[in-house]
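Could you build all of it, start to finish, from the sequences and the hints given here?
At position 287 of the sequence shown (counting the first as 1) the number is 287 in UniProt numbering, and the numbers step up by one without a gap.
In short, the hints are calculated from the structure, not lab data.
Predicted, not measured: the structure shown is a model, and the values here were computed from it.
Here are the computed lysine-lysine pairs in the DSS-like style, where the Cα-Cα straight-line distance is at most 30 Å:
{"hint": "1", "residue 1": "K215", "residue 2": "K170"}
{"hint": "2", "residue 1": "K126", "residue 2": "K170"}
{"hint": "3", "residue 1": "K271", "residue 2": "K78"}
{"hint": "4", "residue 1": "K123", "residue 2": "K21"}
{"hint": "5", "residue 1": "K21", "residue 2": "K170"}
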Amino acid sequence: MASAPLPIHLILDWDGTLTAKDTLHFLGQISNEHAVRDVSPPSSSWDDIVKAYVDDLNAHTQAYRPSASERNTIAEEKAWLASLEGVDLRSVKRVEDAGLFAGVTANNVSQGASKAVGSGQLKLRKGWENLLFRNEGNEGNLLSHISILSVNWSATFIREALLHAAYDTKNMDIFANEFEGLNRLNGSSGRLSKSGERGIRTSEDKLERMPIPRKYGGDELVIYVGDSCTDLEALLAADVGICIRDEPMGSGQRELAEALERIGVPVHRLKLLAEMPPPDDSRVDLWWTPSLEELSMSLDSLSQA
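Okay, structure coming up:
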């Protein structure tokens, strides 16, 4: 007699995975429209911050050893990803020192999310409804949890974007960074995370916030879906790691694909999950799909196993 399929905890990255493209620039628009500028203008603009980040990242990449072409193990790639924390933290400090989000309120963020979704500029990836609504009214569905795990700067923005897209997020856990003090009368302090709280900046930070996969003793089958190198460690640790790949691949998708090839991690075209081999922690295999619809169909296949 076949054993009953395990309940699934589906964990999704946000930018480029659940959304068609990165959404950080929408936060820049919210800053431009709603931040408090006091007497003098901010010391840096949004464009200044973006340029400084790119320049810092390029310099760090050129100086880091071993270089990308010389990194051939999972351990070497993890060390590289961990080294990016300094680049990200310096960017965060630039944003905070410039006061780009000082005075921004939760209502401002909600309005910005509504505007982005309503205008069609923020697009959720095709098939998102089938995936997120698939267990509505179905008590026997195997999908026990859906969570979002993101390095995005605002969990409120993610939640509000989904709400304005007509998805009720009350039963969804959203793990991301947040502007400190959004709900205060005078708005945010401008900090990008609460004082004394470690943000979600790196691949390792994402891994630390994942539930324990079944293959390591957890109670649920953990399926992680992501599209870029900040997802690498979560993808490797999950019972089933699935990479989103457009055709052709975007830059972040291509960077992840190249890293996985270099470190010797096979990535297969997604099959129906019911047809896939059981998770085996002695071997790491990942899967790829261009479609959330295909992912949803794959999850459905488990109920037929």
